[in-house]
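A.B. asks: The residues making up each chain are set out below.
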Amino acid sequence: MIDKTKKMIKSLFLVEIVKGLSITGKKLFKKPITVQYPEEKTPQSSRFRGLHALRRYPNGEERCIGCKLCEAVCPALAISIDTEMRSDGTRRTKKYDIDLFKCVYCGFCEEACPVDAIVETKIFEFHFEDRNEKVINKNDLLKIGDLYEREELKDRKNLG
Amino acid sequence: MNVKICTETFESNKPASLATYLKYGGYEAWKKIITEKTPKSSIVEKIKNSGLRGKGGAGFLTGLKWSFIPLENKQKYLVCNSDESEPGTCKDRDILRYNPHSIIEGMLIASYAIGASVAYNYLRGEFIDEQKRVFDEALKIAYQENLVGKDILSSSVSIDIYSLIGAGAYIVGEETAMLESIEGKRGMPRIKPPFPAIKGLFGKPTIINNTETLASVPKIMRNEPDWYKNIGIGDSEGIKMFCTSGHLEKPGNYEIPLGTPFRDLLELSGGVLNKGELKAVIPGGSSVPVVKGETMLQLNMDYESISSAGSMLGSGGVIVMDHTTCMVSVLQRISRFYYAESCGQCTPCREGTGWLYKMLTNILEGKGTISDLDTLNRIASQIEGHCICALGDAAAMPVRSFLKNFWHEFEYYVDKKQSMVS
Amino acid sequence: MKIYINNIEYDANPDETIIQVADRNNIKIPRFCYHKHLSVVASCRMCLVEIEGVKFAQPACSTPIKEDMRISTKSSKTKEAQKSTMEFLLINHPLDCPICDQAGECELQDVSLKHGDDHSKYLEFKRVVVDKDISPLISTEMTRCIHCSRCVRFGEEVAGNKELGLINRGEFTEIRAFIEDGVSSELSGNMIDLCPVGALNNKLYSYKARTWDLKQHPIISPHDCIGSNIFYHVYNNEIVRAIPKENSDINQTWLSDRDRFGYQGIYSKDRCYVSKHRKNKTLERVDSQDIIKKVNNAINSSLDKNTSSKIGSFISAQSTSEEMFLFQNLLRKLGIKNIDHRTNERDFDYQDTYPLMPSLGCNINDLSEYDNIILIGVNIKTEYPILTVRLNESVKQDTKIYSYHYFNMDEDFPVEKKFVMNNTDLLSLFQEHTLESCRNKKNLLVIGPNITYFSNQSVFLQALDKFAKNINSQIGYLTDFCNSTSGWILGNVPHRTIGGVKLDNPGLNATEMLENDLSTLIFYNLDPENDFHNSSALINSLQKSECNIFFTSYLTPIIEKYADYIVPISTYAESDGSFINIEGRFQSFNKVITPNSNVIDGWRALNELNILNNHQAYTIESIRSELSSTLSKIDFTSKILIDKKKYELDKSTKVHKNSLRHIYSTDQIVRRAKSLNETIQANNKSVYVSRDIFDDSENKKILKVVENNRVFKIDNFQIRDDLPSRTIVYSSSFNNKFTESKSTFVSLKK
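Chains as they are written, first to last, in this note's numbering: chain A, 243 to 402; chain B, 1088 to 1509; chain C, 12 to 761.
I should point out that these hints are in silico values taken from the structure, not numbers from a laboratory.
Heads up, the beta-carbon is just placed ideally off N, CA and C, and yes, glycines get one too.
Take the hints with a grain of salt, since some may be wrong.
Estimated spans, in silico, between C-beta atoms of each pair [said to hold, decoys possible]:
#1 E78/C to K1110/B: 52 to 62 Å
#2 N18/C to L1251/B: 44 to 54 Å
#3 N247/C to D372/A: 40 to 50 Å
#4 F183/C to G1271/B: 16 to 26 Å
#5 L1251/B to S329/A: 48 to 58 Å
#6 F183/C to N301/A: 29 to 39 Å
#7 E1098/B to E78/C: 51 to 61 Å
#8 P1157/B to E78/C: 14 to 24 Å
#9 E1159/B to E78/C: 19 to 29 Å
#10 D260/C to K376/A: 50 to 60 Å
#11 S86/C to F1282/B: 24 to 34 Å
#12 V141/C to E1213/B: 56 to 66 Å
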């Protein structure tokens, strides 16, 4: 009996609707959390794994020594490398291709690298206009590395 | 009893000459053997019964060693080990210098007893100037007198003796490395078995004896069977040369009966330098464990007594250290010796000796930590017993004994970055 | 005798060591310095194991077993000992695995993973060793060396040529060549395999691939008649290196450098990749589908125009058995009888009395059973380097080796006695010669390839037969090429057909074919510059012939100048094939790499021709089954048949001109292997002259030699006193017209 009355009063005075609208009302005056991509961006972790890059040493020498551990560890078989002896007798890659369609951005390559040459930057927005462009080569990777070296160092510092 | 065997001729006017040696009854035993054609087995038996032990370090019974040689009539060799390189030992060089004929006679008797027709005396590289010259001179005279060579004293016995000079490697003092060196190869120890008595020089049965051991043989042969055995004091048998060095008033070679108290040897050597306090003694060349001074004063100079204190009689090089000695730098110096002298054949010694030396150098430079001392101990134990020859053990034993007996001193050094004694 | 390893009982022989028993029973004991074919030094101390009742762990490789010995390979004492050795080994190792070619197959890596610690307490300086360039085949990184001394022992005990040794002492011990660039052994490549770490590396493979990228294919060596078993390692359809395939009957675990690095010849710049046909005196490219038809038309039109006796055909004895079978099958069915594979021989009078095929007459494994091995005209070191290993083994088991040659050749095994004489003297020697020390013993007389070059080969063979009878010796042969046995047995000779069946009307032999102005010449897999006895005679007949058909893998200047049809065929590694070695062992292998799409598989090209002529078509399986049924009927121990003909001894005082082939000039593939031709052996460009010739000559600066009415001037010669009288010897790398005709007689112009 009492329950029935309570229910009646509740429905008569639209309590539920007021309750619901009060939340809407509260949110109406708060700062919205929606990120207006691409104008706005979400924060990224220092560990973010985006587009790959090949790094260099401060003296400009490429780090990669062509050990092929990243190729071996890659679960998607996205990396293919050919090595040679450079004229100064050091072991270097003559081909370093990553198929970005195959890549699953797992970061194993980064972890396997004994010289911290291959890294995954925080770049996640990139596109191709031709299907062939999905394979990026050594030159591109080194260029990306050159452009993002400073950020890479910052991230590494953040991670300690 | 003031018996002398190897040092008998040392005080004479012309100690190395044949005349002097003959005056002391030299070559009597040899002449007797070849004229009477003494059976080989009886010579071996007499040496075995005399209790003569190898004087190069290991102290193995000489007669027993000789009896290992196969009896069949094949080419055999005798090698006299005069590659005396153990730090703190300088007995053989004086025997070579002042009593070379006793070595020659000893080599002849030994060769005869084991049936070898060729004997080699392998001298340390540093002996090239004096000892080699003296020995060669003595050998030349012995050849002239037909005591050595073909058909000796018309007895139809032929034994040739050659002297060889090393090139300065400590490791060649190891018997099998010496055989390699005589064969003209790089002086590196061989694996045993087969032992040299079965397969030695040029693949033939070979006996290798220390210079002092062979120099003792003639006089033992000249005397009654039990003569040598009775020289020792107490239960010890025989006599031994000790080379005292270090902080002493009168360091030198002293031939004393085994079993003589260390106190007496110290007294013979004139006591500790400047009446200082005896801190430590290495009783048998640098390869054996160090003994604390107060322990050493209770000991007698014989195999059993010294080994009861955890050390060895070794080659008889007694190194005495007084209270001014920094044990850290002593150990570093000893380690450097083994680091430089490792032949490089087997892994623990090749890599381990370098590691020990480098760590000790770090400690000496004040860069050591307390955990380094544990590492030192661990590395030494990893080397010990895992090498082809005894050099690895010889490098490890000092480290372990120094750390055991003088841990506080190492701890102090690591902590304060300076020596406890300065 | 019984011993217990890990509490399990095992049978053992009294003279064994622990590691041998363990290896036999698949019990893993880590090791570096131990190798089953080398002496034991027990220096690495990795195989330390606990023996019950012994205070310290003992090396398993050198400790002899005793009755009821109890060994533990898993106890904590064993593990501690092995771990400490591992720690010592790693303190001075650079740990540069990412750039080391050995990584992935490195024994140090494997053992340290299993028996080592995960980190090192060693903080002091590491040893660094300056590298030396020791050979064009081996690269070094001596900082990685762990001083196991396998390479040193290999040189001393197996190759018989100690070129590496230890210098310095203790931590500064280095493995070094005694002479700076002094590793010149023909077996040097084995040190690469033996090296447990990356200190000695394959120079040709440097940084090319990682071990885990490689595909392994078995193949048989095409460079000598021993038939060594090889594994080729292929990366991206390219052979990047070769390693021995263990075969205890043939090459054991070894491989000669020629077999190891010879594959480079496949990638030579003059490889022939396009089919060509000569039209109006210029070679024009033809589609590879059409070339076989064109060749078929050419042969058939020639058959129509002339008789079949006007067609001559040559096949290289380096071709596979399948190719040889199809080649003679095709030609004989077309009625052509002029077939020969003996292009570098000159005298064929012996051919009717020759055995069915050249054969060593015993198994390679049995060489050590002979009391005496008598080598005639053969230099094992440079011609059959892999046999050096066997003869070294034999000598250790008291076999005596004698050598008869026209040049004082070095061998890497002890030779009891060397007889260095010229052709004429050797011949008269053999008439009466009895090697007294060989009488009534088990003897093997080995006739080498240098005898086959002689213009009086037949007389020689007969004299040798007499000599063999005198000393009661077996006769064996060693042949020039890898598959001469097939050449004989599969009917690639003018007088016998397949299975060695005698022909009533024999065709022309190689020399006759070149002398008889034939109208059509077919060359299969031959290098006309070098594979013929006399290349000027060949050029002469090429000029006279109307149609020259070349099946070839390489485009040489002569081919380009005279060929009318060029069919680019595969090399041995690019198609399925088989070789029959000198013991009669039939060994097949499959295609290792796929060649350029225009290159035709050799046997397919011949099969295609068969089909075009409406003959039976074959598959590789049907050829092989046919071959094995043929071979099963053949007795490989067949003896020389004696000809009763009496030969007159040539007593004239002519000058003997002999060639001295260097090891890397023996066949067309190895001739093109670049790295091998950079070795010391390949760069001896001398002409040697005996003292008496020099004394005879009036002009002391320039010798004038008359050969076939042509005068050759030799100015840069060396006088050698160990040369037999009246002899000129030139090395085959001496590139001069004078070398055109191989062993022959010449005269001197005063």
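A.B. asks: Now, for every hint given, state plainly whether the structure supports it.
C.D. replies: Here is how each hint holds up against the structure:
The hinted window of 52 to 62 Å between E78/C and K1110/B holds, with their beta carbons roughly 57 Å apart. One distance hint, 44 to 54 Å for the beta-carbon pair N18/C and L1251/B, holds here, with the actual separation near 50 Å. Under the hint 40 to 50 Å, the C-beta atoms of N247/C and D372/A, about 25 Å apart, miss the expected range. Between F183/C and G1271/B the beta carbons are some 22 Å apart, a value that agrees with the proposed interval 16 to 26 Å.
A C-beta distance of roughly 52 Å is found between L1251/B and S329/A, which places it inside the suggested range of 48 to 58 Å. The hinted window of 29 to 39 Å between F183/C and N301/A holds, with their beta carbons roughly 32 Å apart. A hinted range of 51 to 61 Å holds for the C-beta pair E1098/B and E78/C, which are about 57 Å apart. Separated by about 23 Å at the C-beta atoms, P1157/B and E78/C satisfy the suggested range of 14 to 24 Å.
Here the CB-CB span from E1159/B to E78/C is close to 26 Å, well matched to the stated 19 to 29 Å. A hinted range of 50 to 60 Å holds for the C-beta pair D260/C and K376/A, which are about 53 Å apart. For the hinted restraint 24 to 34 Å between S86/C and F1282/B, the CB-CB distance of approximately 28 Å keeps it satisfied. In this structure, V141/C and E1213/B break the distance hint of 56 to 66 Å, their C-beta atoms being roughly 31 Å apart.
Taken one by one, the earlier hints fail for this structure at numbers 3 and 12, listed in ascending order.
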